Structures are given as structure tokens and as C-alpha cells.
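Enquirer: This is what each chain is made of:
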Amino acid sequence: MPNFVMSYLGSTVTPGEAGNQFWALIYVLIIFTGVSVAVIAMNWIERKALAHFQVRLGPMRVGPHGLLQPFADALKLMLKEDIIPAAADQFVFWVAPLIGLLAAFTVYTVIPFGPSQAVSDMNIGILFMLGVSSLGVLGIVVAGWASNSHYPLIGALRSSAQMVSYEVAMGLAVVSAVLMTSMNEKGTGTLSMIGIVQAQQQQGVWFIFKFFPLGFIAFVIFSIAMIAETNRAPFDMAEAESELTAGYHTEYSGLRWSLFMLAEYAAMIAVSSIAVTLWLGGWMRPFANLLHAPAWDFIFSLFPGLTFGSLAAIAFVGVTRMPAHSFFKIQRIGLAVFAALLGFIALLLLAIAIVGRSADASLAARFNEGIDYVYWFVLKVAVFMYLFIWYRATWPRYRFDQLMRIGWKVLLPISLGVLVVTAIVGVIVS
Amino acid sequence: MSPRTNDSANLDLETREKPYLDSNELIINMGPQHPATHGVLRVILKLDGEKVLGTECVIGYLHRGVEKIAENRTYTMFNPYVDRMDYVAAVSNGLGYCEAVEKLMNVEAPARAKYIRVILTELNRIASHQLWLGTHALDIGAMTPLFYTFRDREEILKIFEKYCGARLTTHAFRIGGCQYETYAGFEKDVKNFLSFVAPKIDEYETLLTTNRIWLERTKNVGVISAADAIALGVTGPVLRASGVKWDLRKAQPYAAYSEFDFEIPIGTNGDTYDRYLVRMAEIRQSLRIIEQAVNGIPEGPIMAKVPKVIKPPVGEIYHSIEAPKGELGYFIVSDGSTQPYRLRVRPPSFVNLQALDVMVRGLLVADVVAVIGTLDIVLGEVDR
Amino acid sequence: MNPGMNSAFNSGMAPVATPFFFYMLSGLAIVGGLLVITRRNAVHSALALIVTLLAVAGLYLMLYAPFVAGVQIIVYAGGIMVLFLFVIMLVNIERSSKERRFNRMWPVGLAAACALMALFVSAFVKGRALFPDRMMSLPESSNTQQIATMLYGEAGRMGQYTFAFEIASLLLLVAILGAVIMTKKKI
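Chains as they are written, first to last, in numbering that gives the first Met the number 0: chain A, 0 to 429; chain B, 0 to 383; chain C, 0 to 186.
Don't take each hint at face value.
[Stated by the list, open to error] The calculated lysine-lysine pairs, modelled on PhoX-like cross-linking and capped at a C-alpha distance of 25 angstroms, are:
id, chain 1, residue 1, chain 2, residue 2
1, C, K183, B, K45
2, A, K408, B, K218
3, B, K218, B, K50
4, B, K50, A, K408
5, B, K244, B, K218
[Claimed, not checked] Stretches of chain A that chain B covers, calculated by requiring three or more beta carbons in the stretch to come under 8 angstroms of a beta carbon on chain B:
id, region
6, 49–59
7, 141–153
8, 232–241
9, 384–397
[What the hints assert, rightly or not] Calculated from the model, a selection of chain A residues having no Cβ within reach of chain B, i.e. all distances over 12 angstroms:
id, residue
10, V27
11, Q68
12, F70
13, M77
14, F208
15, F215
16, F297
17, F302
18, V336
19, I351
20, L402
21, S429
FYI, nobody ran anything at the bench for these hints, they're computed from the structure.
Since we're looking at a predicted model, the values are computed, not measured.
All C-beta atoms in this analysis are idealised placements derived from N, C-alpha and C, irrespective of residue type, glycine included.
Sequences and hints are given; from them, build the entire structure.
Expert: Here it is as C-alpha cells:
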């Protein structure tokens, strides 16, 4: 049995490629859980970060520094009455949040957390991702219509128009990155997510820096379009609170509403993953080609452990700074346990990094490698998540027609231009 | 020029039978429960897609019959009621009422009282503009300025609280002057506030004034020409942003305003961005006035000789002041008894709200909230 | 290494439970298609159409044509159906659901449908040679490149369908321009 598990852990291909459904199922479960946890964490971080941007404290009551707030929220939403308006289209109203959720989570099957850390490596991976993530808008459109109410309907109309106008620029930006993958001896590119990262590995450059500034421009276009695609500020017209009360989910409540939120955050993580994969080298650590000595590998493999270690240190500082009043006793203990947990994870990761270094191509080394891949990927995605919060705190909301104008008259021509120039430069260089 | 005020009354709210594919005219009820109508305003919007074809404001959800109540209260008893009209600028309301009654009785508040009045009123103007800025920015989607302005407005409310014990509905003035002498350290507090808030105003401006999205959302949105604005009776920053240099503090100086040196900021285009700039400049001018007032505050009594029972002579009076939102006027008819025979308030918000229809026709839904925000209405004052 | 694992690796991209997925997907497509034409509510029809399109995309995947499947999802299920819903939402559903569903042309439509089906059946019966007995197993990884080669050709050689492809794209461009001119009152 241990041997069996170990063979899985040491596998060098994705479960999809191995054709192993059981292993794929485990991967799917791990990713589903991981994404759900990430959404919960994102919920807390967004509220906290936004609060600190706005000279507030954010949640402080439920758990130390509001750490348990997302769980309290989730519990509340699950227990809340689920109201379906009498005039709503019952079936469509019921099914709409599921469409969004399914679309958001299906995307994760092809996201490469590492060269073998993905459910499957489809050879049309990026096409599949774009297609499926664009299905998410169907959930919004249908929800707005099914509510049989004017505000949701306007929200749905805005959302669909917005999606159609940004999808094009987004697709063209992606194509220019895909073009860059064909800069090899064979001259054939790839649409596979893993293949795209491997192409960056072979060419020794993240595509954001490739043909500077072409890759960078395409990246910027994508990162603007992805905000519009996920309906986040400053493009959150579909749920513009001050205009449409709550936009497409005005009539939703309780669990069904929370499904929309879950889908929104999952979609945010998904599109950030696309950006990371295409332009930021996916699972590769920074300077993978510049500093490629084993010593550097070792230093960079310490990062996961150090990250958790510093988080634990922050939590411990929080413990010492808690007021000495007996009211805070339980919170104090809770935070200390949390800090200890983080510290334990940090020690574990450091141990793996150290053991994995000395052992030669053993399981520990593999494991260490896997942790590195996932760590760097998640770290890059986390930067995007933070940017999402930052945008929301900083910018006013665009108006609907301005958004369309930017999509069609600014982003689309630029992305077309970048595509053409990338192709020309690529031909000249090769 | 005739503003199209009558069109809105003829807004065709009947859903007519439409041809098969042309049913995209929507009637939308914005409010009375809506996050961006600043209270309980109900705006019925007729939309073609997102384009506004016409609006109709339904008001009265916050009607408390303030003017009728006045007829059953003595002049002194009615004084706190005016605070509840424009509750974010309660001090201005009190100033207007007290001065109107004083004018009717032909008494004048002592110089020191006038200075205290000016300081508190101008502080209140800043507080009102800060609240406007925060909520207006929130309507346009910028969340953060709201919290910044509320943080700084708190300092003003603290001064109010120290002076008269109340933060919002202050009832700061009495007929004939002020009841309370300034507390020890009042001048220091005000001066501290002045040096505290000036950089904060710059902070708001760094977030918004040159922000591209803010410019796009506010420039050429809700334009009202000077002629239209005058015809509709619009006053205050909305009128001044259209380029009319009309400020009652200069035009008909009251309290001690004639003794201070300040500018009247005006705009040129009459759009939402100009109104924003005008109000920001007004905050700075208010700081100037407060500074002069605090430095030059005279010693002396704070209450004029006013009889215990206020019984103005038979007659009528109209007195108006420049409230943060525009011209706030009180028309009082006295029959010589202890209670007003009739009291009528000219609230700036109510009159300014009439310009909404002119300003939003042909714009989009998103602009409606921007324009409601830029008009800076307070429903307590609109409905009274 | 575990023997079971090895066999899994060696089998390569072995399709799993092919008949089950085939019948499931084609069943979904047919049921969806029937719902499209029988639902009174246009939005329900559109949703059923999406199910059909997705099922067809699944069938393409089973035929080792992942590129076509991906394009099917992006273009039809993602793009076109959103536009469909966009238009349908503006239609007064209450009214349209009360209107007579099939106009007097329905016998003609039925005849046309039967003729089309006859054509398919006859093509299948007569052209046996065209249809291989068993599923072709194309090398999956080069599917996208094969399509590219067919459409655009390789270096120095025009592709098999380059001309037809360009004609089709020109036609689409004209259609787009026509649509813009028809809807826009002033350009």
C-alpha cells in the first residue's frame, strides 16, 4: 500500500495522461478543496485588506482578528432562508448559480500547478480554459433573466455585452502568447497549458519579457480584460451596487447567493492562473535560468518554509500584542494554536527541502520539487488576487458605455496590433 | 427658456402594447429603498435600454410636517426642529432660523456670538461637503474616499460635541445669540483642526481629481447651463459650477461674513466635475474663513437682550442664508403671538432636485446616481 | 513501481468507457434538440440548445478532434448563445409564449427535415467506404496542427482548403459589415 501511494506521488505525468481515473479523482478532490479553502481565505483577506486600505479594522470579533469570520458567514448563508421570488422562473432561477459554479470549477482540470501537478494536460488546454470560463457568464445572464425583475435584467444585459466585448481582446492577447511558444526548432507551438510553461522554460524567458514590450503589452491587455471578465471593480457593472442595488443577484439570498460568490472568486483565481501560466512562467521559480546552480535551487526551495515561518511569526507577534484582559483569553489561545500550526507546516516544509536536497532523485526530492512548483504558482496567483483587492479599493467604477468603448476601441486594436507585430518579429527572429 | 419640468409630469407610465421585438423600454423604480438615492427618494426612470428617457421624482417618504409643527410651537420651541431638516448641516439650519426671527424682532446678535456662529457654520459646511464627497464617490464606485472623509468629519463632530453636547442635531444657537460660551481650548481645537484637515483635503484630491475614471465619469455628465439653473431656481455649488457668481455670504452678507476675506469659487461647464471642483474649493475657502474668525474673535457678551417670551411684532420676514447646499430661506409670518402664524422653509435640496430631470435626460442609468450625488440632496430637507 | 500503475502508463491515451459516453452524449444532444423546439419559453429553448451544443462538443472530443470541440464551446456555447440570450431577454416572453407556435409552413419544414434525414441515411448507406468500420485513432497531439496544415498549408505549399477558407472568411466579413450598416442609423 505505501508503495502504491508512493508510486503515485513520484509520478512524472498527469493523471489524465496516465489514464488513471482514480488518481485523477483524488486530484480533482484536492483541487476542489484547495480552491474552496482559497476562496475562504480570499474572503477574509479581501475584507481585511480592504479595511486597512480604508482606515478600518475589518472583522475582529469572530476568532482572533476575525479569522473565523468566513466560516461564520458561510454558516449564516447556509442557514438563511432561500427565497425564490413568486414571479421568478423557478427552474432557471434554481439552475443559474450552478452554471456559474460548474464553469468556474471545470477550468481547474487543466490548470498546471506543476509539470505533473494537473488533473489533465489537454492539448487544447488554453482553448478549453477560455471556452469554459466564458460559459460562466451564462449563469449570470440566466440568473438576471430568471429573477424577473428589472435590476437583475439590466445587470444581466450589461454582463453579457461586457463579456462579448472583452472576450475578443482577451483571446487575441492569448493568441500572441501562444504564438511565442512556436519559437523552437520545430517551429510548432502548443495550446497545452503545460506545454506553454515548458516552452518558456526552454526559451529561458517568461513571455512577459519576450520581445519586450510585446509580451508585456499583451499581458497588460489580458490583465485588464480578465477584470472585466470576472466582473470585478472597476468593471463591476453587472453588480454595481450603487446603480443596480446588487445587479444580477439582487433577488438571490442564502446558499444560492453564496454559490455566486464562490463562483466569482473561483473564476478570479482561474483567470489569474491563465495569466500566470501564459506570461509569468507558471510553476517556474524566478530566475530559473539565470541562477540555475543546485545551490540556488536549494535556496529557492527554502522559500515555502520561510513563507509559512514568517506567517507564523506574524501570528505570534499578534499573540503577544493581544490585550491582557481575560476576555481575550480564548482568542489568544486560538491565535497561538494557529501560529503553532503555521510554524509546524513551516518546519515540515523546511525539513522536506533539506532532506530533498541531499537525497538523490528519491521520493523526497520529487516531493520537494512538487512543493516548489505549487508554491511558486500559488504565490504568483496570490499577487494577482491582491491586485484585485487593490483595484477595488482605489478606483471608481467605469460607466457601461465607457467600458464598451475601451474594449472595442482601445484594447481590441492594440491586441490585434500586438498579435501582428509578434508574428512578424517571430518570423524575423527564427 | 422654459425648463422641461412639465415633461416629467407627463411621463407615460402606462405600459403600452408594444410590437413584438421592441419591448426594451423599461420603467424602473429607483428607490425608495436604493443604496444611491441618499435616503428615501424614489425616482421613476423611463429607460430605453440604459438610456434615460425621462424621470419623475416621488418625494414625501420622510415628510414630517415641519412647517405645520411650527404653527403649534413657540418660536423658541421650534428652534430644535429645524436641525432635523438638513441633518448633516444642522448648524446652518439653526443659523438661518435664529437670524430670521432676530430680524423679525429687530434685534441683533452681539459680535462675539456672530463670530462663534460663523466658525461653527463653516465647520458644518466642511462636514457637509465631506459627507457629500464620500457618498458621491461611493455612488461612482470609489469606496475608499467615504472612509477618509468620515474619519476627518469626526474631528468636526468632536468640536460640536464639546461645544454643545450634540454631534449631529446640535441646536447650537438661540434666538438672539448663542447660549453657550466657547469652552476652554475651543480656539486651540479649531486651529488644530485647520492644520489637520488641510492635508487631508489634498489627500482626497489625489484619489479623485486627476483620476482618469473619475474624470470620465464626471466630465460632461449632468450638464446644466447657467440660464437653466437660474430658471429652475437652483442655488449653491450647483449654480456656481455653471458659472454664476452668486453666494449669499457675499451678495447679502449676514452674520459676520462681511468682515472676512474669501473667494467664491465658480465653475465653467456646469458638469459634475465642475461641481466637484467647486465644492472642494469651497472647503478650502471655509478653512480660510474659520482661520480669520478664530484669530479675530472679539470678547464680549454672546446673547443680545431678548425677552424671555419671544413675541415678534405683527409682520412677515424672509431671510435666507447660504447653506452648504444652497440658499436656505425662512419666510415667517407673525400675528404678534408667541407662535408663528405661518412658517415656510425654502430648502435648497428641494429646489435643486428639480434640476434632476433636465440634467439626466439622454444619459445612462449610471449617470443618474452620479447626478443625484452631485446635487447633494438630503431627503430630510426635501420632504421636511 | 506499482505494476498497475505501469500498465496505466503504457496504455497511453486509452479512451475510457467509450460506448457509455457516446450514448450519453448523443442522448443529451437529441433530448436537448427536442426541448429546443418544444419549449414554449424561449429562454428554456436557448438553455436546451446550449446543452445540445456542449454534448456535440463532447462528441467531437471523442472523435479525437479536440480543437473543433474547443472552438465549438468558445464560439457556439460561449459567444453565440450569450448573444441569443441577450436578444431573447428583450423579447416579451409572456406574449410570445401565447402566440401560435407553428405557422402554416410547418408541412414544408417537416418535408425539408425528412429530406435532409433521407440524404444523411442514403449517404451513410451508399457511401459505406467513406465511413471506416471502427473509430479512427488519429494522433491526438497533432490535431490542431493538422487543421492548420489543411487550411493554411505548409511552408511553400498552399493548403488543401486555403481558397475555400479565405472565401468563407470574406463572406463572413461582408455579413458583419452588412449587419453593422443595417443596424446603425448613421455611421
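Enquirer: For which of the previously enumerated hints does the structure constitute a violation, in increasing order of number?
Expert: The structure breaks only hint 20.
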